[in-house]
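**Q** Listed below are the residues making up each chain.
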Amino acid sequence: MVESYGALDRDVHPPYLYGEYKSTALRSPKNALQPLTHTLSELTGPVYGSEALAPLDDDLTRNAVKDGEPLGERMIVAGRVLDENGNGLPNTLIEIWQANAAGRYIHFADQHDAPIDPNFLGAGRCVTDDDGRYRFTTLRPGAYPWPNHHNGWRPAHIHYSLFGPSFVTRLVTQMYFPGDPLLDIDPIFHSVPDAEARQRLVAEFSLETTEPEWAIGYQWDIVLRGASATPREA
Amino acid sequence: MAKQTASQTIGPYFSYGLTPEEYGRAGICGNVLAGADTKGEAIKIEGRVLDGEGNPVNDAMIEIWQANAGGRYNHPVDTSADIELDHTFSGFGRCATDPDGRFWFDTVKPGAVPGPGNTLQAPHISIILMARGMLLHTFTRLYFSDEESANASDTVLDSVEASRRPTLVAVRGDGPTYRFDIHLQGEDETVFFEA
Chain A
0 MVESYGALDR DVHPPYLYGE YKSTALRSPK NALQPLTHTL SELTGPVYGS EALAPLDDDL
60 TRNAVKDGEP LGERMIVAGR VLDENGNGLP NTLIEIWQAN AAGRYIHFAD QHDAPIDPNF
120 LGAGRCVTDD DGRYRFTTLR PGAYPWPNHH NGWRPAHIHY SLFGPSFVTR LVTQMYFPGD
180 PLLDIDPIFH SVPDAEARQR LVAEFSLETT EPEWAIGYQW DIVLRGASAT PREA
Chain B
0 MAKQTASQTI GPYFSYGLTP EEYGRAGICG NVLAGADTKG EAIKIEGRVL DGEGNPVNDA
60 MIEIWQANAG GRYNHPVDTS ADIELDHTFS GFGRCATDPD GRFWFDTVKP GAVPGPGNTL
120 QAPHISIILM ARGMLLHTFT RLYFSDEESA NASDTVLDSV EASRRPTLVA VRGDGPTYRF
180 DIHLQGEDET VFFEA
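Taken in order, these protein sequences are the chains called A and B. The first sequence begins at 0 in numbering that gives the first Met the number 0 and counts up one residue at a time. The second sequence begins at 0 in numbering that gives the first Met the number 0 and counts up one residue at a time.
You may find that some hints are simply not true.
Said to hold, decoys possible - If you want the footprint, here are the derived chain B segments under chain A, 3+ residues with CB under 8 Å:
1) 0 to 9
2) 64 to 75
3) 89 to 95
4) 126 to 137
5) 180 to 192
To be verified - Under 10 Å between C-beta atoms, here's a sample of chain B residues computed to sit facing chain A:
6) Tyr15
7) Gly114
8) Gln120
No wet-lab data here; the hints were simulated from the structure. Just so we're clear, the structure is a prediction, and the values are computed from it rather than from any experiment. Glycine residues also receive a C-beta, built at the ideal position from the N, C-alpha and C atoms.
Isolated chain A, as found in the complex (with noise of 0.2 Å):
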């Protein structure tokens, strides 16, 4: 039995106060957190197979059609779900939400002045396989303006939601596209402190997932804190 997870890799992740996403100043913890010893409460975490899906969920191109198809740019994004020591993590659920492809989130909040697209609602869920392996359709989400600094803009990006074997491997994240010259000048990528860890969170682009005359593929792997060999005391 698994008796610890690695602890969170403080070099690859974001701290909660980094000045230039300014949200960040009111809404970080001061006090360094507590350290605790994982316990079965945080060794268990909740549990969501193919159950959990309805038909299409992996499917955003189909799951929200009402009188036709919606617009933008097809593609395909496919990867594994890993942990630290390299295995694949079988049965987990995915759950993805991004713009559409010109920019604009279903949200009843989101304001930007690009179209709503009737066809599209842009979230999706799957499941991995025996072999940790995943994979949607969906549209090439668009770029889109935020408020954070003057003539702000967020890369394109899908949002992701990880569960892993337990609580503590939990994972919310965003992938990226390569080439994309937003990047440079984001500062929730430019939060991650080491580079090649803000280099992962980039897909690369796949010319063996990508489907002829259908749609364009990307590889994008997600890695979640592994057991550790021996139980951390706190």
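We have chain A; now place chain B onto it with these hints.
**A** Relative to the frame of chain A, chain B by itself:
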């Protein structure tokens, strides 16, 4: 060793993906964990998420994870064969905060679960909090104000500076309702764990 994938903020627009009922789409779970057939004491947990100036955080998501009323987690790692699983109870729930920063859950009071060595932990609920403006989620725990003796011998609570311990204890009010506010920052900053 593979390197961990970095966390990024959940952002302001997660609800149609993660808590999507108001968008006409079923979510994987909601904030009602217990049904009429769930064993144990039905309780409500309610609170607010507040920032360092006491402003409501209206775009946070709270996730809770807990054992059933007998003290068993619905997860394969929990092999306590002497405590039954409750098949009506997953132990996991989610709630997005409303415009006033409020959240609530209908659940059952969890039983005590094993802690370090042969100890039992005081009944508690594990919490993950995410929001716009948080680049990484935080972990905290919710304990119960009417479990004074169990709380007094809990090793996790005991590890926390006494003056900050009350931030982890939900206060029982009228009926089976517990109040639990989460302060991201400020004088009453909630204790967050390096979990």
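**Q** A separate judgement is required for each hint: does it hold in the structure or not?
**A** Cross-check of the supplied hints:
no.: 1; hint: 0 to 9; verdict: holds (count 10)
no.: 2; hint: 64 to 75; verdict: holds (count 6)
no.: 3; hint: 89 to 95; verdict: holds (count 3)
no.: 4; hint: 126 to 137; verdict: holds (count 10)
no.: 5; hint: 180 to 192; verdict: holds (count 7)
no.: 6; hint: Tyr15; verdict: holds (5 Å)
no.: 7; hint: Gly114; verdict: holds (5 Å)
no.: 8; hint: Gln120; verdict: holds (6 Å)
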